[in-house]
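Colleague: Chain by chain, the residues:
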Amino acid sequence: MSAGSLAGVFPVLTIGALMCSMPAVTRPTVQFGIRVPRERAGAPVIRRERRAYYWRTAAIGACCTLVAVTTRDYGSWWLSKIILLLELAAGLSCFLVARRKIAAVKNADGWFAGLRQTVVADTSWRTDPPRFPVRWLVPALAVMAATAAVGALRYPGLPAYIVTGSGHRVPKSAVSVLVVAGQLYFTAVYSGLMLIVYRSRPDIDAADPAASTLRYRRFLAATTRALLTMAALADLGLLLIALPDWQVYRLSGIGRALPVLPFAAGVLLLGAVAARTGQGGSRLNGNVRGLALAAGTDRDDDQFWKAGLVYVNRDDPAIVVGARFGVGWTPNFGNPVAWLILAGTVAWWAGLAVIGAAAGM
Amino acid sequence: MLLSIEPDGPVPIYQQIRDRIVEAIARGRQPAGSALPPIRQLAVDLGINFHTVNKGYDLLRQEGLLRLGRKSGAVVRRDAGSGPPDPAWARDWTGRLQTLLAEAAAQGMPATGIVRECEAAMADFAFPDAAAEAWQGSGSPP
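Note that the protein sequences, when read in sequence, are chains A and B. No gaps in the numbering here: position 116 of the first sequence is 116 in my numbering, and each next residue is one more. Just add 361 to wherever you are in the second sequence, counting from 1, and you've got my numbering.
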């Protein structure tokens, strides 16, 4: 197996595994993007649909990985992308099927009828806000500094055109610019997004507000550290891509897959942290004695979630909110600032693609 | 402090915010000098329009319970320990109490029943002094 085909199979396998494990890390009061009262989280329809989803997505992931492995040395680079797209589409269909069935029972039986639906804010979140773990940026910055140092040392001695690992002949400046811009992307964009998340609201469980706020604090701290470590590993992967191009060393065969390893380690780390904490810290233990002051049920907010995945609420000033399926955050598409940030991220990628295309990569 | 509102309930949201904060001050959870989140941040945390929070905070400011500053944010101005209330406020409160009594009388509640309800409500309500003693007995305040 060559480095190129490994890089093609790895995302198919990873996405398949992630898709399959999503319901396990999502909070129990949100099933396939549908808000359910806590006492209904174990309803027969939910148990049945979860089981079906696990089986279906596991089969899809296994089939797609098998196809990716068998066809790895045929076709072009786009074959693995097509397999990935098909896999995502099939996973999404499984999600939508489960969602439709649960929603039907929820609406027919009136699961929220007569319940006191509340939204809870913990003011200590603002008066005693969590601190961004700045020190965890050090590894990423160190890798960037090392990259800059190696680049500066090697650059003057390189020929005007170099042959990259993928066999393209490109100007030496293009490779260097892309590596540095890529590292800047992972470090700056990840930190920037996490800073926005730190200003956003915690996911508070209305039935257990004080304990869920504490759990969210631990979840946020663990996830931020994992993301900043992931940024450092991604930067390291880019450095390992650049080193052969800068003619520091040369690897052949499977050795050329070396840069994939840091990325893979980062994804595994994020997956492990997500599996431990669950969305918003829902899998963590944590109780605060005698603080069930606001016993209520979470508000049924399905109306703001398109297809259970996309949050659009113009009245909500939040830029990002906790994701509805899986672990993480998602933009509020009802807020123009979220669109601006999204456009900025896309523009960055487009800029990199244009540089790459102009250099003939 | 945990601030709980019912967005789809019959009471307007700004009124709920105002009521919950008054209760927190009365029970000693937000003593004089303690900070409340700035308007925009509380709006984000509750997922509501910030004009709604602004309206609730403004009610509290008019009642003399909250001080709103550009830099200092929202700070509780007074609590049960800050001395007797403003005479104008006391007159206003007596007026509202009259309305509340009139509601009970209009619905046919006898005077003895009203007194009994009032006594039960007083016994139920944890006044700050009693609350302070209870906290000292159980450790840290909530």
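These aren't lab readings, by the way, just hints derived from the structure by calculation. We treat Cβ as the ideally placed atom computed from N, Cα and C, and that holds for glycine. Please note: incorrect hints may appear among the correct ones.
Reference excerpt, derived from the structure (chain A facing chain B, CB under 8 angstroms, subset only) [claimed, not checked]:
1) ALA62
2) THR65
3) GLN117
4) ALA121
5) ALA210
6) GLN247
7) GLY296
8) ASP302
9) ASP316
10) PRO317
Residues from chain A that face chain B, not an exhaustive set, calculated with beta carbons under 7 angstroms [stated by the list, open to error]:
11) VAL120
12) PRO129
13) ARG201
14) ARG276
Colleague: Do the numbers back the hint for GLN117 (chain A), that is, is its least Cβ distance to chain B under 8 angstroms?
Modeller: holds (6 angstroms)
Colleague: Next item in the hint list is THR65 (chain A). Is there a CB on chain B closer than 8 angstroms to its CB?
Modeller: violated (40 angstroms)
Colleague: Under 7 angstroms is the threshold here; is the Cβ of VAL120 (chain A) close enough to any Cβ of chain B for the hint to stand?
Modeller: This hint holds: VAL120 (chain A) lies near chain B, its Cβ roughly 5 angstroms from the closest one there, short of 7 angstroms.
Colleague: How about ARG201 (chain A): closest beta carbon in chain B under 7 angstroms, or not?
Modeller: holds (4 angstroms)
Colleague: With chain B as the partner, please determine if ALA210 (chain A) meets the hint condition of a C-beta pair closer than 8 angstroms.
Modeller: holds (6 angstroms)
Colleague: Let's test the interface hint: is any C-beta of chain B closer than 7 angstroms to that of ARG276 (chain A)?
Modeller: violated (26 angstroms)
Colleague: Holds or violated: GLY296 (chain A) as interface residue toward chain B, Cβ cutoff 8 angstroms?
Modeller: holds (6 angstroms)
Colleague: Any CB of chain B closer than 8 angstroms to the CB of ALA62 (chain A)?
Modeller: violated (40 angstroms)
Colleague: Double-check PRO317 (chain A) for me: the hint is only fine if its C-beta lies closer than 8 angstroms to a C-beta in chain B.
Modeller: holds (5 angstroms)
Colleague: Please verify that hint: GLN247 (chain A), Cβ, nearest Cβ of chain B, below 8 angstroms or not.
Modeller: Because about 51 angstroms separates GLN247 (chain A) from the closest Cβ in chain B, which is outside the 8 angstroms limit, the hint is violated.
Colleague: Would you settle whether the hint for ASP302 (chain A) is holds or violated, based on the nearest Cβ-Cβ distance to chain B being less than 8 angstroms?
Modeller: violated (13 angstroms)
Colleague: With a cut-off of 8 angstroms on the beta carbons, see whether ALA121 (chain A) makes it to chain B.
Modeller: holds (4 angstroms)
Of the numbered hints listed earlier, those contradicted by the structure are 1, 2, 6, 8, 12 and 14.
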